[in-house]
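Could you build all of it, start to finish, from the sequences and the hints given here?
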Amino acid sequence: MSTVVKSLNRAMHELLEDPRVVFLGEDILDPYGGAFKVAKGLSTQFPERVITTPIAEAGFVGIAAGMAMRGMRPIVEIMFGDFLMLTADQILNHIAKYRWMYNDQVEVPIVIRAAMGGRRGYGPTHSQSVEKHFLGMPGIVILAPSPFHDPGSLLKTATLDDSRPVLFIENKLMYSRALKNEADGNCGDFSIRKTDSEYTTVSLSYDTFQSADVTIVAYGGMAELAVEAAEMLMIEEEIFAEVIIPSSIKPLDYDPIIASLERSQKLVVCEEASKAAGWGSEVISRITKDHFGLLKSAPQHVGALEFPIANTVTLEEKILPQVKDIFDAAISK
Amino acid sequence: MSTVVKSLNRAMHELLEDPRVVFLGEDILDPYGGAFKVAKGLSTQFPERVITTPIAEAGFVGIAAGMAMRGMRPIVEIMFGDFLMLTADQILNHIAKYRWMYNDQVEVPIVIRAAMGGRRGYGPTHSQSVEKHFLGMPGIVILAPSPFHDPGSLLKTATLDDSRPVLFIENKLMYSRALKNEADGNCGDFSIRKTDSEYTTVSLSYDTFQSADVTIVAYGGMAELAVEAAEMLMIEEEIFAEVIIPSSIKPLDYDPIIASLERSQKLVVCEEASKAAGWGSEVISRITKDHFGLLKSAPQHVGALEFPIANTVTLEEKILPQVKDIFDAAISK
Amino acid sequence: MSKNDTFQEKLYRQMFLIRHFEERLLELFSEGAFFGTTHCYIGQEANAVAIINQLTDKDIVFSNHRCHGHFLTYSDKPELLYGELMGRSTGVVGGRGGSQHICYNNFYTNGIQGGIMPAATGMAFAEKIKKSGAIATVFIGDGTLGQGVVYESLNMASLWDVPVLVVVENNRWAQSSRVENELAGSMVKRGEAFGIDSGEIDSTDAEELYAHFTPIIEKVRREQRPHFEVIHTYRLCHHSKSDDARPKDEVERYRENEPLPKMRERLKASTAEAIESDVKKRIAEAIAWAREQPFPELQKTELV
Amino acid sequence: MSKNDTFQEKLYRQMFLIRHFEERLLELFSEGAFFGTTHCYIGQEANAVAIINQLTDKDIVFSNHRCHGHFLTYSDKPELLYGELMGRSTGVVGGRGGSQHICYNNFYTNGIQGGIMPAATGMAFAEKIKKSGAIATVFIGDGTLGQGVVYESLNMASLWDVPVLVVVENNRWAQSSRVENELAGSMVKRGEAFGIDSGEIDSTDAEELYAHFTPIIEKVRREQRPHFEVIHTYRLCHHSKSDDARPKDEVERYRENEPLPKMRERLKASTAEAIESDVKKRIAEAIAWAREQPFPELQKTELV
Ligand SMILES: Cc1ncc(C[n+]2csc(CCOP(=O)(O)OP(=O)(O)O)c2C)c(N)n1
Ligand SMILES: Cc1ncc(C[n+]2csc(CCOP(=O)(O)OP(=O)(O)O)c2C)c(N)n1
Ligand SMILES: [Mg+2]
Ligand SMILES: [Mg+2]
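Chains as they are written, first to last, in our numbering: chain A, 1 to 333; chain B, 334 to 666; chain C, 667 to 970; chain D, 971 to 1274.
Careful, some of the hints might be misleading.
Listed below are the simulated DSBU-like cross-link pairs for lysine-lysine, each with C-alpha atoms no more than 30 angstroms apart in a straight line [unchecked claim]: (1) K296(A) / K651(B); (2) K1250(D) / K1189(D); (3) K1047(D) / K651(B); (4) K1238(D) / K1047(D); (5) K1270(D) / K373(B); (6) K373(B) / K794(C); (7) K651(B) / K289(A); (8) K914(C) / K370(B); (9) K40(A) / K914(C); (10) K796(C) / K907(C); (11) K914(C) / K724(C); (12) K1028(D) / K980(D); (13) K907(C) / K743(C); (14) K796(C) / K37(A); (15) K666(B) / K333(A); (16) K1238(D) / K973(D); (17) K1189(D) / K1251(D); (18) K1189(D) / K1232(D).
Ranges of calculated distance between the beta carbons of each label pair, as one might list FRET restraints [unchecked claim]: (19) E381(B) / D868(C): 36 to 44 angstroms; (20) D328(A) / E595(B): 22 to 30 angstroms; (21) R1261(D) / E650(B): 43 to 51 angstroms; (22) Q674(C) / R1192(D): 53 to 61 angstroms; (23) R888(C) / S176(A): 49 to 57 angstroms; (24) R510(B) / E182(A): 57 to 65 angstroms; (25) E569(B) / D253(A): 48 to 56 angstroms; (26) R510(B) / S1102(D): 49 to 57 angstroms; (27) S1102(D) / E650(B): 35 to 43 angstroms; (28) E381(B) / N719(C): 30 to 38 angstroms; (29) R1148(D) / E381(B): 17 to 25 angstroms; (30) G799(C) / N1075(D): 56 to 64 angstroms; (31) T541(B) / T1271(D): 22 to 30 angstroms; (32) S630(B) / R1148(D): 36 to 44 angstroms.
In short, the hints are calculated from the structure, not lab data. Yeah, the Cβ is synthetic: ideal placement off N, Cα and C, and Gly gets one too.
Here it is as C-alpha cells:
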C-alpha cells in the first residue's frame, strides 16, 4: 500500500538522480531522515546533494533561491510550515520578484516543501496552515497534494518541469494516509474525473457527473474530510455532493468547479486555516465576481475559527474545521 | 491647512507625553526625522523615548513587542511597508498569539506604523501594499487612515486605548494630502456620515443617503481615488455613488457597507494591492456569504494587476489601479 | 521546596523534581495522558537551578521549547505544568499553549527558535526604562544560534545597554543535528562580536555553575548591560518524545557526567533518599491533581 | 574603456565614469528625466574598481541599492543604466526594476538590505557544486550588518565552504544614521565569529585597494572558502537624492580623501584631461541615447 509519505520519498529519490537537484532542510540526514520522514534514505544515497541546514529558514531558503538562479533545481524542506513566515520576505521580495523584475532574464525554479496543519496537539506555533498568507503574491505557485493525487509525481513536475517558484504544502496528518486508487473511472463509490493539466484537479461524483446538489471544494488535508462529508450527506440526507480537489491552489483552475456548480448551484469551500482572508475567501469572491448568478444560495465557507490553534484537544477540535462542519454547510439553506 | 503627515506628527508629539510611549524605527532622529517626516521634532523633544534602530525590522518589532508586554505602549515605524515581510514571523507567531495563547494573562499593545503604496516610482520592493498578507492573522487589528478620517486621533486611540496589536497602514502619497473638512454633515459636495465607533467608517453620499446606484468601498490611499471616481460618475453618467471609507480594515465594520448596498445593490471594492487574495476578496466573499441576494449584479474588485510594481511610470500606471478603473467597475453591468 | 533544606539539598531537590517530573511524563505519554509532543531537559537540570535561583521575583525569564526545567525551578509548580501538558483548563495557560508556549508571572516561553530573543530584550529594556531594577534572562540552544534574529537582538541589546543575560545551553545537538553541522566558528565570539561580555563554562555541576553565574548576574544588574554566556552541557534524553539517533556510546559517555549524582554524593544518603521520596510524593500528587482537572471550553467570541 | 590605458589610467577612467555618470544624473533629476529615487556612490568609487576589475567573466557580483559604481565597472554600459533610470524598455531590465533592482549577465542587485546575502551565497555554492570555478562577491553596507539574515548566510557560507567574498563598504553612515548608532562591537569580528577569514582596510586609494584585494580574491577562489572584508570609506553625496543632514565639516574633512584626485595626480595632466573629455563625451552620448529609447508596454498575461 502506498502512502503519501512513501510517494513523496520515492519521488525525492528519483529527483536526486538529476545532478541539478539539491535538497536542503533541517534535520534531513539519515538516520533521522527529516521530522516527517520524507527525507529517509536520501542522504545515504546522495550525500553530496542532501544538505542539512542550521536553524535559519530565511537564510537557507534564500540560499536555495540563489542556487536556483544559477541552474540548480533546489528543493527545500520547512520542518513545520509555520516557520515559513520567517521566509516571507525572501519569498515576496526576492524569489517571487526576480524573474519579472529582472525583465525575464532569470528563473527561480525552487520548490519549498512545508509540513502544514494541526490535529496533532502540537500547539499554536506548530499546527498552522499559513499558505493563505502567500496566496496574494504575484509570481509563485502553491501546490497542495492529497491522497487523491499522486503527490510524488506532482513534486517531480514542480521540481523539473516548472521554472516558477513553488510552495508545496504537505498536510501532516496526510503523510500516513493511503493513496486513493482509481479504477475504470471510479474511486471508491465515486466516479472520478481528472483535468488534463500538469497540476490536475480531481472531481468526484456520486452520480457520474449527471446531477449534483452541492459542490464541495477542498484541498490538501481537507480533501478526505470533504469526501467523508459527501458520504455522510449521501447516507443521511440523500444529498448528492460533488467534491472538487485541486492540486494547485494558486493558480486555481476554476473550470471543474464551475462545471460542477452548473449542476449543483451550491458551493462549499473548505480549508484548514482560519476563514478570514483565507483561500476560501478568494475562491468565493472569484466565483461571485466572474460567475454571478450561478449560485442559488449563499456560498459556504468552512475553515478554522479565528483563534491560535490550541494545544489541548478539546479546544483544537472546536477551532479546526471538522467533517460535521462541511456537512452542516452543505445542508444549510 | 492640516495634512495627514502633520496630523500624525502632532499626534506623535502628544503621545510621547505619556511616559509609557516609546517610539522605535529607522532614521527617526532629528534633523532627518524619518523617511516620510512623521518623526520630525520628536527626538529633540523626547530624546530618551525616541530610539533610532539598526536595520533590523524583525528584531526591533520583536523588541517593541517585549516592551509592550511589560507595560509600555511602543510605536514602531517601518520605513517602507514592504519591509513588514521581515517581521511576518514576529507578528504571526509572537505578537498576534501571546495574549490568547497565554490564556489572556498578557497584552501586547504595540502599534506598527508602515508607509505603504506606490505611484512614486520607487520600484518593486518599495511600493507595495503588503497589508493583505496580514489580514488573515487572528489577533491583530489593521488600521488605515485617510484624509477623510483624523489620522492623528486614530493613532492616539490605537496607541493608548487599544490593548491589541495594531498595524497602522499609511499610504505614502497620502502624507501630503490635506485633511478633508466636514461641516454641517457635508464634506465637499457629499453628505457625510460617520459610524459612532472607536475606528470610524466614513460614508459619503451625493443624495443625502436617500438613494444610490453604486457602493464604492475603499481605504487608505484608494479613498481619494474612489471619491474622484464618484465625482466622475456623477458628472459623466449621472450615477449616484456612495463611497464607504473604513479606518479599520480588520476588523471591518460591515454595517455601513450593507446599509449602502441596501440602497445601491451594486458593490465595488477597491484596494491598491494586487487583487488576488486581497482585502477586496475578503470583503466580497463576506458580503456574498452573509448577505446573499443583496447584490443585483456581479461585485466588482478594483486593484493592481498581478505583477511586481514596476519602477517606470508607464508600467506602474498600468499595474496600479486608477480612478478610471473604479469608474469602469461602477458602470459595468 | 523545603524551608529547612541546605543550599545543596535545595539544588538537589529542585533537580530531582525536574528529573522525576520528566521521567513520569515520558512514562505516562505512552498511556495517552498527554497531547502532542514534549521536549525534556534530562541532563541539563543543573543550568536551570544554577541560574534561576539567583534571580529576584521581579526578574524575567524567557525560555524555549525545552522549558520544563526552567519553569519548575521558576515556579515550583509541577501540578500546573502537568495540567498544561494534559490540556486542562487549570494548567499553566489553560491548555491553550501546551508545553512550548507558557506564561507564569514573569516567566515566558515560545516554540519558535530564536524568535524569543527580541521579546526578551525588549522586556529587559522596558524594565530598565521603568527603573524597576529587573533584568531578563533568556535561554537558547546551540542550534538556535543559526537564527538571524538572535544577532539583531544582540546588536540592539548592546547598543542600548539592555540588562539581558543570554544563556546558551550548548547540549551539543540540535534535534538530530550535531552542533558541528549547525554552527561555524565560535559560540563565545558570536557574543563578543557585538561588544557584549561573553564567556563559557563546561560543567554539569550545579554548585559550580551557581558560583559561575553569581558575578555575571550581579554585573548585568549593576552595569545594566547585556551578557552572553555559553554552558557546555549534554542532553541525555530524546530531542522530543521518541527521536534519538545519536551514537549510544556518546550518550553513555556523557551520562557519567550527570548533574544529579554529582550533587547527590554531596548529601547524606538518608537526606537524599528523604528528598527523593518527598519529591516522588509531590509528583504523584501533582499527577493525580492534574488528572482531575477539567478540560477547557472554547470562549465564544473569536479574535479579530 | 580604452585598450591603450595603463593600469592607472584605466582605474581613473572607470572612476571618472562613475563620478561623471552620477553628477549628470543628479543634475538631470531636477529636470524630471528620472523616476523615483537613486543612491549615488560618490566617494566610494575606488572600491568598485579595485575589486570588480579582478573578477573573471564567470564570476558573480551581487550589489545593493547603491549599485551604480558596481554596475558601471562590471558592465561599462552607462547607456543601459541611464535607460533604466529613465524607465526605458531598453534599460538594463527594461524599466521594470529601476536603480535598485537590476540584472546584467552575472550581475544582480536588490533593494532589501541584507536579503541579498543568502542569494549571493547560494549562487557561489551552486557554482562550486557545478565546478565552474566562479566565485561570488557581494557588496553590503555598514548599516546592513544590522540584518539577521546576514549572519545566517555567514554561518552557512562557512559551514559549507562557499566561495563568496563579502565586502562591507563602511561609509560610516546608513541613510541618516551614524554607524555608532547602528552597530555595536566590531565589524571584523562579525565575520570572524563565524570562522571566516576577515579583515579590514581604511583607504580610498584604488591602487592600494586593488593590491589589498588581489590575494583575497585569489584565496577565495583557491581555498573555496568565504572571506569577509571591510573597507572603511566615506559617502560624499546624499544618501539618496536630497537627504543629507550630516555635519558639513565632517563631509568636508573626508572630501580631502577623495579617491579621484588621488589617482589623477598619478597621471599626466594631459592624459587625465583626455580621459575626462572622453568620458564626458561617452556620458553625453549615453544620455542622448537613453532619452531616445521607448517606454515599455505592459505584457498582457498577469503572473500567477
Ligand atoms: C524557527 C524554528 N525552526 C525550527 C524549529 C524546530 N526545532 C525545534 S527544537 C529544534 C532544535 C533546537 O536546537 P537547540 O537550539 O540546540 O536547542 P535544544 O533542542 O538542543 O535544547 C528545532 C530545529 C523551531 N522550533 N523553530
Ligand atoms: C530591509 C530594509 N530596511 C530598510 C531599508 C531602507 N534603507 C535603504 S538604504 C538604507 C541604509 C543602508 O545603509 P548601509 O548598509 O550602510 O548602506 P549605504 O546606504 O551606506 O551604502 C536603509 C535603511 C531597506 N532598503 N531595506
Ligand atoms: Mg542543542
Ligand atoms: Mg553605510
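The hints, checked one at a time:
1. K296(A) / K651(B): violated, 36 angstroms
2. K1250(D) / K1189(D): With Cα atoms ~37 angstroms apart, K1250(D) and K1189(D) exceed 30 angstroms; violated.
3. K1047(D) / K651(B): The hint holds at about 29 angstroms.
4. K1238(D) / K1047(D): holds, 26 angstroms
5. K1270(D) / K373(B): Given that 30 angstroms is the threshold and the Cα spacing comes to 43 angstroms, the pair is violated.
6. K373(B) / K794(C): At roughly 26 angstroms apart (the allowed maximum being 30 angstroms), K794(C) and K373(B) satisfy the hint.
7. K651(B) / K289(A): holds, 21 angstroms
8. K914(C) / K370(B): At roughly 62 angstroms apart (the allowed maximum being 30 angstroms), K370(B) and K914(C) break the hint.
9. K40(A) / K914(C): Holds - the C-alpha atoms of K914(C) and K40(A) are around 20 angstroms apart, at most 30 angstroms.
10. K796(C) / K907(C): violated, 41 angstroms
11. K914(C) / K724(C): The hint is violated at about 42 angstroms.
12. K1028(D) / K980(D): holds, 21 angstroms
13. K907(C) / K743(C): Judged against 30 angstroms, a Cα distance of about 22 angstroms means the pair holds.
14. K796(C) / K37(A): The hint is violated at about 49 angstroms.
15. K666(B) / K333(A): holds, 28 angstroms
16. K1238(D) / K973(D): holds, 18 angstroms
17. K1189(D) / K1251(D): violated, 39 angstroms
18. K1189(D) / K1232(D): holds, 28 angstroms
19. E381(B) / D868(C): 36 to 44 angstroms: Because 41 angstroms falls inside the window, the suggested range holds.
20. D328(A) / E595(B): 22 to 30 angstroms: About 28 angstroms separates the Cβ atoms of D328(A) and E595(B), which means 22 to 30 angstroms holds.
21. R1261(D) / E650(B): 43 to 51 angstroms: violated, 20 angstroms
22. Q674(C) / R1192(D): 53 to 61 angstroms: holds, 57 angstroms
23. R888(C) / S176(A): 49 to 57 angstroms: holds, 55 angstroms
24. R510(B) / E182(A): 57 to 65 angstroms: Check passed, 59 angstroms falls within 57 to 65 angstroms.
25. E569(B) / D253(A): 48 to 56 angstroms: violated, 39 angstroms
26. R510(B) / S1102(D): 49 to 57 angstroms: holds, 53 angstroms
27. S1102(D) / E650(B): 35 to 43 angstroms: This hint holds: roughly 41 angstroms between Cβ atoms.
28. E381(B) / N719(C): 30 to 38 angstroms: holds, 34 angstroms
29. R1148(D) / E381(B): 17 to 25 angstroms: holds, 18 angstroms
30. G799(C) / N1075(D): 56 to 64 angstroms: Hint holds: Cβ distance 59 angstroms, inside 56 to 64 angstroms.
31. T541(B) / T1271(D): 22 to 30 angstroms: violated, 45 angstroms
32. S630(B) / R1148(D): 36 to 44 angstroms: About 59 angstroms separates the Cβ atoms of S630(B) and R1148(D), which means 36 to 44 angstroms is violated.
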